[in-house]
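*Asks:* Chain A: place on chain X using the hints.
2 protein chains.
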Amino acid sequence: MSKKIRVNGREYSWPIQPTVVVCVDGCEPDYIEQAVNAGAMPFTAEMLKRGADLRADGVVPSFTNPNNMSIVTGVAPAVHGICGNYFLDPATGSAVMMNDPSYLRCDTLLAAFAAAGARVAVVTAKDKLRSLLGHALPIENGNAVCFSAEKADQADLETNGIAEVLAFVGQPLPPVYSAELSEFVFAAGVRLLESAHWDLMYLSSTDYIQHKFAPGTPSANSFYAMLDGYLSQLDALGITLAITADHGMKPKHDRAGRPNVIYLQLLLDEWLGAGKANVILPITDPYVVHHGALGSFALIYLASEQDADRIVERLAGTEGILEVLPRPAGCARFGLPPDREGDLIVISTAEQTFGTRPEHHDLGQLKTPLRSHGGITEQRVPMLLNRRCQRIDPAVKLRNFDAFFLALNSV
Amino acid sequence: MSKKIRVNGREYSWPIQPTVVVCVDGCEPDYIEQAVNAGAMPFTAEMLKRGADLRADGVVPSFTNPNNMSIVTGVAPAVHGICGNYFLDPATGSAVMMNDPSYLRCDTLLAAFAAAGARVAVVTAKDKLRSLLGHALPIENGNAVCFSAEKADQADLETNGIAEVLAFVGQPLPPVYSAELSEFVFAAGVRLLESAHWDLMYLSSTDYIQHKFAPGTPSANSFYAMLDGYLSQLDALGITLAITADHGMKPKHDRAGRPNVIYLQLLLDEWLGAGKANVILPITDPYVVHHGALGSFALIYLASEQDADRIVERLAGTEGILEVLPRPAGCARFGLPPDREGDLIVISTAEQTFGTRPEHHDLGQLKTPLRSHGGITEQRVPMLLNRRCQRIDPAVKLRNFDAFFLALNSV
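Protein sequence lines correspond, in order, to chains X and A.
According to the working numbering, the first sequence is numbered sequentially starting from 2.
According to the working numbering, the second sequence is numbered sequentially starting from 2.
It should be emphasised that the hints constitute simulated quantities derived from the structure, not laboratory data.
Possibly wrong hints are sitting among the right ones.
Quick list of in silico lysine-lysine cross-link-like pairs, DSBU-like style, CA-CA up to 30 angstroms [as the list claims (entries may be wrong)]:
no., chain 1, residue 1, chain 2, residue 2
1, X, K368, A, K4
2, X, K277, A, K398
3, X, K398, A, K277
4, A, K398, A, K50
5, A, K368, X, K50
Here the structure is a predicted model, which is why all the values come from computation and not from measurement.
The following block holds chain X by itself, in its conformation from the complex (with noise of 0.2 angstroms):
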């Protein structure tokens, strides 16, 4: 079949069999290395045999919704819009979170399969991204369905094109921090490519686990043995399969086990006096049990243009700033849409993170040594296929939102 899709600048090839991707949230390249090689992932190990095991980058701030977002445009935050889960608007000065497709800047490559019609079928962790994934997804007419593994239990047919999740996965409802809830979603993908025929699926896990433990600890090593499970029946349906991630993950913290935390306002209020700087941090999220919304990218909004060049200077020789960036640069650099940027775009060193001032982050409610990420140093994901396929261009990054277009045009 010749027919191609054009979206967002892209041209992709019509699918000539169900294609899913799989986005592995937190999925550090070494979680699947180390599993592989203590032989937890077998199907997996033999996947990659007569596969690609490739790398890509995903976009910086390494955060879940903007990379989700890339992955099923196609294009970086400069064009879709979701650079973070939180930015400060301009208009009215507050900051105000990001999980509405009324800040979608534009299609989902999902979308335009859809409209023309391919049936697509979206299933992901946490609710928080179920809106945007399944942005102008025709639900209403049985071609696409869009659902999350945390409120399967209110899944209807009006908003989400299916009802009684739990019978239809027959898995109960899972905790929302839970590595049950990834598998929820894995469960789901196998049970809708059994029961019908897709044209496109995403599916998108939740980064619990990664949170919590290190690459090649049993806890790790089991919950991608549980992955490797459901890999093997995705590719015994006869799929093309690809598997990547929004982001890596680094721990974050002392060798006593404390967070390793700059807290930003707290440093400009000190070096500038209060008020004239406003620290964003895009992590912050309704999900704080994973990171204490501590992460490795912070925006800082000053009040004065005058400040920046003497505290560009002064953070870049800061302990545990990696970058320091100007908005034009950074946002050429990271792909990021300026008006939804700060002043300045701060990045840490792998193991650290930003915090705003101490009594804004709960800790106590981390239970283990932090490991988090945002920066430059979580980029870094697996692009994985269970088919050769060319690479777009070997010379050019390829990037995690590579993933639908290498396993439509390149397999």
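*Replies:* This is chain A only, laid out in the frame that chain X set:
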């Protein structure tokens, strides 16, 4: 004693006891961590309990000469001028080697202390560093020695302040590519301190082992066990001891053991046509067996400024390239001298290196899979002291070129 020495804008306390800085070439922090964990460095393990176990950032480019010169001057290459092994002389348009002290733009703290009456000893592994490190030392008055292990057999009183070094150290002349070249440096340090009083000593080894063997391997642990023995002997002499490194070291090869190389000159000629861009690899030196002149830092000189923007953009999107910075931004960020840098500064990812063209790199000389340095990913180094010390300012990045300052002022 309250005597102070001011040099290059910093004020150093006069040593109250012999003060020795050891620069372990290519010492990625993991080498020591793994050797300590394996029980190969019993003295160091004990020393770190009573001393200081810090980390510091070296200079980018993370090469030997810029970092050694920063350590002995206490300042960045923007001040001392030695920003690589080679630079392109704008006056002549040709690449010139910077191993002559005429390229040095400030005093070393060693020479400043010696001028004030301190007895100063410098031992380096390779002779390429000797004349830079020993610049302006008063060899003639008998209060300074400066020699290399490589040419220990040729040392004489007039040039080096010492003769008959092989007999003095009690070891044969080591091969230039060997672990023994470094061992000779450490052994010479011990012998010098045993036989006379020295106020300041600088010992600088070679990264032969680190280029060949990963942290934790038997050969690496054996090298660090050897180092541990000499550190123990130095410590027993009642000195203040600081151990740091010029740069780290990362594997830069694929799974088959082939070096990962971006041939930048080839790429630029393809994009721009021949003669429009000139690539300089400042890692190039006469000792190519280590790294085949392949490192993670490159300079690009462009015939026309008008090419800059599109080349920056295209390189930034190229697989394996971490950063592309125009000269002003790169010099500001890394503290480099603008008149000795290219129009563009290019830095590769941890696992990549830059070459010019395949025919200019004799990869046959690489006997083991390539490990190299030069980039930001090899900037982190240990900073270990045998005494408790105050961090200069815990919020400000500690640099490897704070080693003498820490040992003299903060212990």
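*Asks:* For each hint, tell me whether it holds in the structure or not.
*Replies:* Hint check results:
In summary, the hint linking K368 of chain X to K4 of chain A is not supported, as the alpha carbons are separated by about 52 angstroms, beyond the 30 angstroms threshold. Between the alpha carbons of K277 of chain X and K398 of chain A the distance comes to roughly 24 angstroms, so the proposed pair stays at or under 30 angstroms and holds. A threshold of 30 angstroms between alpha carbons decides the hint, and for K398 of chain X with K277 of chain A the separation of about 24 angstroms falls inside it, so the pair holds. For the suggested pair K398 of chain A and K50 of chain A, the alpha carbons sit about 23 angstroms apart, so the restraint of at most 30 angstroms is met.
Between K368 of chain A and K50 of chain X, the direct Cα distance comes to roughly 28 angstroms. Compliance with the 30 angstroms bound is thereby established for this hinted pair.
Violated hints amount to a single one, hint 1; each of the other numbered hints is respected by the structure.
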